[in-house]
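Input sequences plus hints: build the corresponding full structure.
So the sequence lines, in the order shown, correspond to chains H and S.
Using the numbering used here, read the first sequence as starting at 22 and increasing by one per residue.
Using the numbering used here, read the second sequence as starting at 22 and increasing by one per residue.
It is worth saying that the hints were derived from the structure and are not from the lab.
Bear in mind the structure is a predicted one, so any value in this text is a computation, not a measurement.
Don't take every hint at face value.
The list treats identical chains as one, so a pair stands whether inside a single copy or across any two.
[Unchecked claim] Derived BS3-like pairs (lysine-lysine); straight-line CA-CA distance at most 25 Å:
no. : residue 1 : residue 2
1   : LYS283    : LYS221
2   : LYS281    : LYS142
3   : LYS281    : LYS72
4   : LYS103    : LYS262
5   : LYS262    : LYS142
6   : LYS156    : LYS107
Protein chains: 2
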Amino acid sequence: MAKPIGIFDSGVGGLTVAAAIKELLPEESFIYFGDTRHAPYGDKSRDTIQKYSTEITRFLLEQDCKAIVIACNTASALAYEKLKEKFSDVPMINVVDPVVDYVAENTHGKIGIIGTRATIKSGIYKKKLLEINNKLKVVSKATPLLVGIAEEDFTHTEISRHAIKQYLDNKDFKNVASLILGCTHFPLFQTEIESFYQGKAEIVDSPELVADRLSHILSDHGLHNKDQEKEASYDFYVSEKTGAFSSIARNFFGADIRLKEKVLS
Amino acid sequence: MAKPIGIFDSGVGGLTVAAAIKELLPEESFIYFGDTRHAPYGDKSRDTIQKYSTEITRFLLEQDCKAIVIACNTASALAYEKLKEKFSDVPMINVVDPVVDYVAENTHGKIGIIGTRATIKSGIYKKKLLEINNKLKVVSKATPLLVGIAEEDFTHTEISRHAIKQYLDNKDFKNVASLILGCTHFPLFQTEIESFYQGKAEIVDSPELVADRLSHILSDHGLHNKDQEKEASYDFYVSEKTGAFSSIARNFFGADIRLKEKVLS
Chain H
22 MAKPIGIFDS GVGGLTVAAA IKELLPEESF IYFGDTRHAP YGDKSRDTIQ KYSTEITRFL
82 LEQDCKAIVI ACNTASALAY EKLKEKFSDV PMINVVDPVV DYVAENTHGK IGIIGTRATI
142 KSGIYKKKLL EINNKLKVVS KATPLLVGIA EEDFTHTEIS RHAIKQYLDN KDFKNVASLI
202 LGCTHFPLFQ TEIESFYQGK AEIVDSPELV ADRLSHILSD HGLHNKDQEK EASYDFYVSE
262 KTGAFSSIAR NFFGADIRLK EKVLS
Chain S
22 MAKPIGIFDS GVGGLTVAAA IKELLPEESF IYFGDTRHAP YGDKSRDTIQ KYSTEITRFL
82 LEQDCKAIVI ACNTASALAY EKLKEKFSDV PMINVVDPVV DYVAENTHGK IGIIGTRATI
142 KSGIYKKKLL EINNKLKVVS KATPLLVGIA EEDFTHTEIS RHAIKQYLDN KDFKNVASLI
202 LGCTHFPLFQ TEIESFYQGK AEIVDSPELV ADRLSHILSD HGLHNKDQEK EASYDFYVSE
262 KTGAFSSIAR NFFGADIRLK EKVLS
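So, in structure tokens, the structure goes:
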């Protein structure tokens, strides 16, 4: 039986993760939920984000999803433990752990992290990195304007170049060995941030690492789709249809998508 | 009796209006409500914005407010008529009408409007301007990134300069006679936008015009505070306390503020 994977985010950002899953696991169907009614999560409290994440996960499980991908750094930081506890019988993947594991193993030098205000304030990346190796040197910074720049399609402009400079051209961040893009919007800045570092830092984004982790977990649980006759299907829900989502979504997912609206609360 | 004025916005933006009211009417107290739990309004639907605006207005009236200022362009565009109908016994001021009246009377040439996606999509400024004079030439554009730039305190940087250029350096906007700043965040860009136009366009923002309108309406209704012995008081509520609000608020209001949290729904 070809059950879908459930993927959710506060908005469009998680589509970068959805795109990586489609690329690595083309035989898997998925249902994507973008909580546009409540976006952005980046400035909201732990309680609020846990409430929204729980409602979405419940909805995705009602749609018979076989695994849940929290494709949002803020929800991964603030709601993952809660969701794992509440929905303990379904594999749950967040976007933080695959990146933390990769970086802790592969980086020899200072590690930088950028993300939304809530993700950075949660300290989730730093905490998890130091749990693995308490000698790691870690710096972090909230870079919320990059979200707006990505959504306005102003990447690869003087605006994005100066914003990257404003955020990263300082003592803390100048000589990092790895920079973690701790927001699912930020893969759109990958090449620009590489240029800023002139290739001297490794820029680590989550989509491919998350897709890879998902693939392993599906294998471990015997959940890979074996019915490869039927083409995979992709469903996209938002909690509020906005003109902006559709036009932005193309940049993030790399293909046109058709939206359905579903209000959860 | 010194009843307060009620002022609300989706977040911090309306504080520019609150500051202008404090400046023009120092004897008047006010209660400010920033709906940070639901911010930003700029990408939400009419129904959603009407629901939130109604709950906030009800709360402000429960606090005995004698007049309501909708210090948010999106709510002014999408919820003003509804609120006026629902709460017909209290003077209600929006941020659009004072600006429209001023510009229609004083501008001889093309009028430009910038604002959030929802404000621009509503067409409210254009509609109201053409109702007064259907020969006016009006162009409009959504400039949502300016909201993020103001909230990050990146005004007067290369980022703001390039964003203004990206939005305004085109055939439609190059030769406007007046530019309406149709978002309560945008007064923070006043001088930069003036520089962009090299002084050749009048940049019209709402705070002073709204404070002036409020003053007239208080006079008309005999509602001015006459008890000038007691100092005016300013109360600030948010629907969700976020670290960001307090630090940002200073730039918008021009003074430190103490926040109370009040969840309405």
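Cross-check of the supplied hints:
1. Taking the closest pair of Cα atoms, LYS283 and LYS221 never come within 25 Å of each other, the shortest separation being 45 Å inside a single copy and 48 Å across copies.
2. Taking the shortest Cα distances, LYS281 and LYS142 sit within 25 Å of each other only across copies (21 Å), while inside one copy they are farther apart (33 Å).
3. Taking identical chains as interchangeable, the C-alpha atoms of LYS281 and LYS72 lie at most 25 Å apart whether they share a chain (22 Å) or sit on different chains (22 Å).
4. Taking the shortest Cα distances, LYS103 and LYS262 sit within 25 Å of each other only across copies (22 Å), while inside one copy they are farther apart (28 Å).
5. Taking identical chains as interchangeable, the C-alpha atoms of LYS262 and LYS142 lie at most 25 Å apart only when they sit on different chains, with a minimum of 14 Å there against 30 Å within one chain.
6. When the C-alpha separation of LYS156 and LYS107 is checked against a cutoff of 25 Å, the pair qualifies neither within a copy, at 33 Å, nor between copies, at 62 Å.
The structure is inconsistent with the numbered hints 1 and 6, although it conforms to all the rest.
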